[in-house]
Amino acid sequence: MVKTKYSALILLSFLLVLQLFGLQSFLPLSHAQPPPGENPILKVDSDATLEVLNYSFAEEGLIINFMNDTHDVDTIGIMVYANISDFFNATKFTISVNNNARIATLKMDFCDENFAVLSNYGTYSINGENGTIPIDGEDLYSKAGGAYCLKITGRINDWTSGILYTIVSNLETQNEETAPPPPEENPQPPEMNPNANPRLVYWPPTQIMSMPPNYIEVWRPSMDV
Numbered sequence: 014m015v016k017t018k019y020s021a022l023i024l025l026s027f028l029l030v031l032q033l034f035g036l037q038s039f040l041p042l043s044h045a046q047p048p049p050g051e052n053p054i055l056k057v058d059s060d061a062t063l064e065v066l067n068y069s070f071a072e073e074g075l076i077i078n079f080m081n082d083t084h085d086v087d088t089i090g091i092m093v094y095a096n097i098s099d100f101f102n103a104t105k106f107t108i109s110v111n112n113n114a115r116i117a118t119l120k121m122d123f124c125d126e127n128f129a130v131l132s133n134y135g136t137y138s139i140n141g142e143n144g145t146i147p148i149d150g151e152d153l154y155s156k157a158g159g160a161y162c163l164k165i166t167g168r169i170n171d172w173t174s175g176i177l178y179t180i181v182s183n184l185e186t187q188n189e190e191t192a193p194p195p196p197e198e199n200p201q202p203p204e205m206n207p208n209a210n211p212r213l214v215y216w217p218p219t220q221i222m223s224m225p226p227n228y229i230e231v232w233r234p235s236m237d238v
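Last residue of the sequence shown? That's 238 in our numbering, and every number before it is there in order.
If you're looking for bench data, these hints aren't it; they were derived computationally from the structure.
Ideal placement from N, C-alpha and C gives every residue a C-beta, glycine not left out.
Do not rely on the hints blindly, as some may be mistaken.
[Stated by the list, open to error] Here are the simulated lysine-lysine pairs, BS3-like style, with alpha carbons at most 27 Å apart: (1) K105 x K56; (2) K56 x K120; (3) K105 x K120; (4) K156 x K56.
[As the list claims (entries may be wrong)] Label pairs and their in silico Cβ distance ranges: (5) D87 x P147: 14 to 20 Å; (6) S69 x T173: 21 to 27 Å; (7) S69 x N143: 27 to 33 Å; (8) T83 x T136: 25 to 31 Å; (9) E126 x D171: 31 to 37 Å; (10) D125 x D82: 32 to 38 Å; (11) N78 x D152: 30 to 36 Å.
The task is simple: from the sequences and hints, build the whole structure.
Printed below as a string of C-alpha cells:
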C-alpha cells in the first residue's frame with residue numbers, strides 16, 4: 014500500500030514537471046500546428062512523389078520541407094490549400110526557397126470542398142529564390158464567389174536530389190484600426206466666448222457626429238425677466 018502511494022506521488026510529480034516545462038517540447042515538430050482556430054492551412058501536397066514532404070509553423074510563417082532521392086522531374090509543384098477568408102484582409106504574400114533552388118512561378122486558384130480547381134485568380138512569374146506578391150483582398154473577395162479555399166502552387170526549379178529544401182511563406186494582412194478613446198463621462202462645457210451671443214452656449218457634439226466643428230452652437234432662450 015505504501016509503495017502504491019509513493020508510485021502515485023512520483024507519477025504525479027512527473028506529470029507536473031511535464032506541464033511546467035511544456036509537453037510540446039517532447040513532441041515531434043514536423044507537423045506543428047498553430048493555436049486552435051487559427052490554422053489557415055487545409056492541406057499541403059505535391060505533384061511529384063517525394064521522400065520528404067512536411068510542414069510546420071514558425072514565427073516566419075509556414076515552413077515546408079521537401080526532398081527526393083532521385084531527380085525524376087525538373088520542376089516540382091508544391092501546393093498549399095489555404096482558408097480563403099484569411100486572404101480577404103491580405104496585402105501581400107511572400108515566399109522563398111533555400112539551397113540555390115529557384116521559384117519559377119506562383120499560381121493562385123479558387124477551389125471547391127474537394128480541392129478541385131474552379132477558376133484561376135492569378136499567375137505570377139518569380140524566377141528567383143524569393144518573391145513578393147501584392148494581394149488586393151477586396152478584389153480577391155469579389156472574385157471568390159462560392160470558392161471553399163485558395164490553392165497556391167509554387168513551381169520549384171534547379172533543385173538537386175538528396176538535398177533537403179525549405180520553403181518559407183507568409184501572408185501579411187492589414188493592421189486593425191486603432192479604436193478611438195472612450196468619451197469623457199462628464200465632459201465640462203468650455204468657457205463662454207465673451208464676444209459670443211449670450212443666448213448661445215457651446216457644448217460638445219456628443220450626438221451629432223457629422224458636424225465638422227469641435228463644438229456646435231445650441232440656442233437657449235434668455236432667462237432675463
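Original post:
Honestly, do S69 and N143 meet the 27 to 33 Å range at C-beta?
Top reply: violated (19 Å)
Original post:
Is the Cα-Cα distance between K156 and K56 27 Å or less?
Top reply: Holds, because 22 Å separates the two Cα atoms, which is no more than 27 Å.
Original post:
Between K105 and K120, is the straight-line Cα distance small enough, at 27 Å or below?
Top reply: Within the cut-off at roughly 14 Å; holds.
Original post:
Would you say the C-beta atoms of E126 and D171 sit inside 31 to 37 Å of each other?
Top reply: About 35 Å separates the Cβ atoms of E126 and D171, which means 31 to 37 Å holds.
Original post:
Using the C-beta atoms of D125 and D82, is the stated range 32 to 38 Å upheld?
Top reply: holds (34 Å)
Subject >> Beta-carbon spacing of D87 to P147 - inside the hinted bounds 14 to 20 Å or not >> reply: With Cβ atoms ~29 Å apart, the hint is violated.
Subject >> Cβ distance range 25 to 31 Å for T83 and T136, holds or violated >> reply: The hinted range 25 to 31 Å holds for T83 and T136, with Cβ atoms some 28 Å apart.
Subject >> Given pair status - K120, K56, alpha carbons within 27 Å >> reply: holds (16 Å)
**OP:** Starting from the range 21 to 27 Å, see whether the pair S69 and T173 falls in it by beta-carbon distance.
**Re:** Given about 23 Å between the Cβ atoms, the range holds.
Original post:
Is it true that the CA of K105 sits at most 27 Å from the CA of K56?
Top reply: With Cα atoms ~21 Å apart, K105 and K56 stay inside 27 Å; holds.
Subject >> Outcome for the supplied range 30 to 36 Å, where the beta carbon pair is N78 and D152 >> reply: Because 32 Å falls inside the window, the suggested range holds.
In the structure shown, a violation is registered for the earlier hints numbered 5 and 7, in ascending order.
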